[in-house]
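Novice: Chain by chain, the residues:
2 protein chains.
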Amino acid sequence: MRDVAIIGAGLSKFGERWNSGIKELMAEAGIMALEDAKITSHEIEMLYGGTMASGRFSGQEHVAALMADQLGFHNVPAVRIENACASGGSALRQGYMAIASGIHDIVVVGGVEKMTDVTASEATTALGGAGDQEWELFQGITFPGLYALMAKRHMYEYGTTEEQMASVAVKNHENACKNEFAQFRKRITIDEVMRSKVVSDPLKLLDCSPISDGAAVVVLASMDKAKKYHDTPIKIMASEQSSDTLRLAERESLTAIKATQLAADKAFRHAKLAPKDIDVVEVHDCFTIAEILAMEDIGFYKKGTAAKAIADGETALNGKISVNTSGGLKGCGHPVGATGVKQAAEIVWQLRGDAKDRQVKGAEIGMTHNVGGSGATAVVHIYKRAD
Amino acid sequence: MRDVAIIGAGLSKFGERWNSGIKELMAEAGIMALEDAKITSHEIEMLYGGTMASGRFSGQEHVAALMADQLGFHNVPAVRIENACASGGSALRQGYMAIASGIHDIVVVGGVEKMTDVTASEATTALGGAGDQEWELFQGITFPGLYALMAKRHMYEYGTTEEQMASVAVKNHENACKNEFAQFRKRITIDEVMRSKVVSDPLKLLDCSPISDGAAVVVLASMDKAKKYHDTPIKIMASEQSSDTLRLAERESLTAIKATQLAADKAFRHAKLAPKDIDVVEVHDCFTIAEILAMEDIGFYKKGTAAKAIADGETALNGKISVNTSGGLKGCGHPVGATGVKQAAEIVWQLRGDAKDRQVKGAEIGMTHNVGGSGATAVVHIYKRAD
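Respectively, the protein sequence lines represent chains A and B. Residue numbers for the first sequence follow the working numbering, beginning at 869 and rising by one. Residue numbers for the second sequence follow the working numbering, beginning at 869 and rising by one.
Bound conformation, chain A alone (with noise of 0.2 Å):
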């Protein structure tokens, strides 16, 4: 298999784009990342693009076809990827074993999702398909409900307590602020997390990743290509998935996600590396305990002890690890179908020492982790700066 680098990366700001559709947001996020590569649309051979729930927020399916349209991308392959919130690290993946492969040599990589054209309660509905409808959704928990019960087992048999898991919106939301593309650039504090509504005891609204429109495009080449585009070509040294039960009920563990796991198991045997070698991660923190879950299940803590060095701050902005320097899906939003490649731009820019006011000190390896439904599916990518 050939080595794949990252050589472009684009984001549209996330946020409530009242004005844009699917497309603007794609056509933003993907000039961004084209001109980055300083690459044309015509040397694209193929996209992927990654969208959850299209159909039911805006009525439009066949997504990849018409993002290819969108961006010129002229009779490309064009392939849509769906897995729930992980649609764009499954992308991802597909881009990467595209090249790897020795099929293609420069792939597209795009994630989009316009989310706030719907209601509240729709949009409530439409994300609850990435858990199992019929046994799910269709007997009345949302999202918000199984992380819920997730975190209060997490809570028993850990210790773990509702400040600690208010500390990571209180991080998260504290790099957004220096993150020009994130949804909340506004500091909160512990007792604001503690004060606010709850959504799904003892998740409250500022636990809770937000509803919100963004894309996000990356472009891939084959390492012998990449240079002539970009001198600071990122190189993915693994990319892995797994998937477990879509159902929670049905899982081993309720305090773990066994598919993330698996998949940075193999990930980290792929790229042979180990958790202490990872100088920033971005990790899936749908909800604040999702984000202690992906750092006991990564291994960068012993089960259970994560939450406890979240508070104390070592996974702050040049801790000990940097976690979600984008300010994460809490801070940074999470427009679900972009989220997985947004989490691979953020690493891009950090490892080529880009990432301005929220630089990671030094960084080489970087991590993305992303999650579908309450861990039906985990992709984990690790990345390193091209020698």
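Below, simulated DSS-like cross-link-like pairs (lysine-lysine); rule was C-alpha separation at most 27 Å, straight line: (1) K1126(B) with K1170(B); (2) K1093(B) with K1134(A); (3) K1095(B) with K1140(B); (4) K1103(A) with K1224(A); (5) K1096(A) with K1224(A); (6) K1134(B) with K1093(A).
Think of the hints as simulated: they come from the structure by calculation, not from any bench.
Given chain A's structure and the hints, the job is docking chain B onto it.
Specialist: Just chain B now, with coordinates in the frame of chain A:
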């Protein structure tokens, strides 16, 4: 790149499956395919699942993870592919690439759509998401309308008649009578098509493929492993895909689907074959005019001449070339995400000599052709019985 073969195929019964949901349909097709391949679920390394609008039809996204869960493929990477009505064909191409690349040895490709849980109006709206929501559907045009425009122009330019279009439906219903999985095992006459209710002039009810429930599954293996599972692996000689503008109004021509022309041309070149070499082909006859366009765009007939040839019986079972022996989308049914995979299953059975009453005598080389929307995606595969 490595050679890839199909070692197992399975279908659910197509039709109005009131008592079955996505899970039951997938299980029905999946178990048949696994048994056919004499393979156990724990040998499967990856799954691609094609479905177009499960979110709108069933409230269920994240369908590939659900399929993997349902079929017992524990923890494998599972990826949903959505390319409108070409979701199944696109999923097959991803499965092919995953093995050709050397990344995986055994991959399952499934397709499913459960369309009858919504009203006909809701289904038509959901299917409209295959076109440009803002520029087509929102303005009031649905898919019969888009294909009616193509039919009208084809009639104007080439003198194609409504009776010739009707002959496509008559032939495909005739074939469907011999297919135990088909939705419509019922002969119809030209006169019945002509007298059926106008849907969008000149297309009448019996020119249109139906709303259907169904699933299809194939098992792919690297050629070196294929013979261990099945005596007659079917080799994939080519797997090609192209895209075009989502909007019909922006195409170069209304009487040709350029994505089909490009994908077919690439496929013939890759396989070092020509249209005359194909013994049996499943083409995308979502409407009768679509089969006429396909026969011309793939290169079986010169532009403007296919309609007469079909009416003359050249494409009937064991005619000059046997087209849509399964009954096609018109006769067998069109559960959109399943269709592209069902086409592959039909060709597998034809090339093995297992197609019973609808067997094409001496069939050695087959083809499938799957279209998304009004032609924004086209996927073409060529198959040959392995020696």
